Amino acid sequence: MLLAADETFRLDADVFDYTIVALYFVVVLGIGVLARRQISSSLDFFLSGRSLPAWVTGLAFISANLGAVEIMGMSANGAQFGAATFHYFWIGAVPAMLFLGIVMMPFYYGSGVRSVPEFMRRRFGTGAHLVNALSFAVAQLLIAGINLFLLATIVNRLLGWPLWVSLVVAAAIVLTYTALGGLSAAIYNEVLQFFVIVAALLPLTIIALHKVGGWQGVVDKVSPGPEQISSWPGTDLTGIDNPVLSVIGIVFGLGFVLSFGYWTTNFVEVQRAMASDSISSARRAPILGAFPKMFIPFIVIIPGMIAAIVVPEMADLKAGTGDGDVTYNDAILLLMRDLLPNGMLGIAIAGLLASFMAGMAANISAFNTVFSYDLWQQYVKKDQPDGHYLTVGRIATVAATLIAIGTAGIASQYSNLMDYLQTLFGFFNAPLFATFILGMFWKRMSAAAGWIGLVSGTLAAVVVALLSEDALGSLSTGALSLSGQGASFVAAGAAFVVDILVSVVVTMVTKSRAEKDLVGLVYSLTPKESLVDPNAKDLAWYQSPTKLAGIALVLVIILNVVFR
Amino acid sequence: MQPDSTTGRRKVKIGVFDIRFVIAGLIGLYGIILTLLGIFRATDEELARGDGLNINLWAGIGMLVVAALFAAWARWKPLIVPATPPADDAD
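First to last, the sequence lines map onto chains A and B. The opening position of the first sequence corresponds to residue 300 in the working numbering, with each subsequent residue numbered one higher. The opening position of the second sequence corresponds to residue -11 in the working numbering, with each subsequent residue numbered one higher.
Since the hints were made in silico from the structure, they are not lab data. These numbers were taken from a predicted model, which means no experiment stands behind them. A hint or two may mislead.
As the list claims (entries may be wrong) - If you want a taste of the chain B side facing chain A, the calculated C-beta under 8 Å gives, among others:
| # | residue |
| --- | --- |
| 1 | ILE11 |
| 2 | TYR18 |
| 3 | LEU25 |
| 4 | ILE43 |
| 5 | ASN44 |
Note that the Cβ used here is the ideal one computed from N, Cα and C, for glycine as well.
Can you make the complete structure from the sequences, with help from the hints?
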């Protein structure tokens, strides 16, 4: 089923490196065991009893997203496209995170729902809920497979273990700690992972900058020329030659539909904020998370850019004279191989393993919550004692991990996982975001419009992907001359527009829901007091979500201007 | 354990299981290992890779500082949570 061990290159880890990696896993499993002792009810298991401080959930919020695709994909993009990759963070993430904290989070937290599909059920009834919960569960299993496949590939490259052994070992460790400790352990481990990842990538960036002669060295030596130092208009990144259209593509495609869709409706992210101890904490989580998110590109993209200068294989690849053995995905691994001594190499390996586990664990814990609350409790066995759903949650965790080993096999068939993942986001997140926004601000939107809008949005994205050149691999017909990122952007845009249009038309011919059922779920029908923390006036300025968001917005604008 | 004057609910300190102590412990241990490697085991061949920068030593010292800051923060402001989780007031 899986490819044989890839022996293109190896990292020479020694006993100190293995000790450092082993220490990390001892602590991770220890946290799982400790967290288990503190579990007393199912609410505790899934949302950590809503008792975590905002800085913990804020970092977990970032860490859950700092997975394999983020580090490997973004450093690869940095090596290939240079500074334009910054858009994935400053345009494609931070504004949506601030929007989530300011506008969306009061609805999620204030309504007391435990999952995004549950919000759909209360706003639109069971039709939209079932569609959303099923598609979400399927998407999580597919994405967990991608993460597991990448994790196993890296373990194989680093340590030379056969890929299938790497897969099973990785799955067993992720399973052990999510099953033992639930979200409490997952969140605490994600916070720990964040620091280990920074401890790995920051020294790597420093030594790489030292090697290349500082930022000026990057400016002087980057190939093919100075456009790699400017983030705008990013024509290489979008594949759109016209600079004006390219900017529009980045701002509306990446910055609005894809990014708002991902950050505001993706339960993997939102679940972390909902584990906070108050509505202010829940709102602060994505906003506090936006601060580290702004600076992560410096330790992910810059090493990628430098790898394309100082690593001979990468420089050859970029100049078009490579022998085909390495890809841009190998940028950060090759940089580690060339620059890091034993010791630091172990930290870097631990950091990468940590980040690859973060993504998978996040998928698994979100799947298990949606499966037990939204599918099992809603449609299979209602009104069972609390312990029943806790057991179901544990079984779902085990099942999801086993299925992920299978979907990792599917993922191994794709040559470009980043495009595959963006296409999935277009199918699942873009229509969900359209339905959410409309449902939140338009009280007349009917229950039927909820699920019909979702289904037609997803269908629209699938049709665009089928008509493109390569978004669905050999299934795509090539009728439209779109490929790579361009194709997934147009698919997401089509999903968004079709969802809105269909929802409006269906609402015109169907009955709206009674207003009393929508209190707390629609903006105009929600009393202002329920959207704010009763203790808000006691908060210091650094605890106020809106003031923090304002500071974050100013910072991200400055970063955009400095690296224009 | 200590009673909470406002709600009467028992509160308990998290103590050494505070995530900040866990971070301080792991990063501190890494800092010790790296600093020792940087002092005693930095070969010329290794240093040449990074154009003379002893990254083990400097990263190790940096990690020790971060670990000390986290331990100090956790000592200075201990985390206090209810001894029993709040009843299902979320539903």
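Status of the hints after comparison with the structure:
Annotation: ILE11 (chain B) was flagged as interfacial toward chain A, and the flag holds, the nearest CB pair being 5 Å apart, inside 8 Å. The interface hint given for TYR18 (chain B) holds, since its Cβ lies 6 Å from the closest Cβ of chain A, which is under the 8 Å cut-off. A least Cβ separation of about 4 Å between LEU25 (chain B) and chain A falls short of the 8 Å threshold, and the interface hint therefore holds. A least Cβ separation of about 5 Å between ILE43 (chain B) and chain A falls short of the 8 Å threshold, and the interface hint therefore holds.
Proximity of ASN44 (chain B) to chain A holds as hinted, the smallest CB-CB distance being about 5 Å (cut-off 8 Å).
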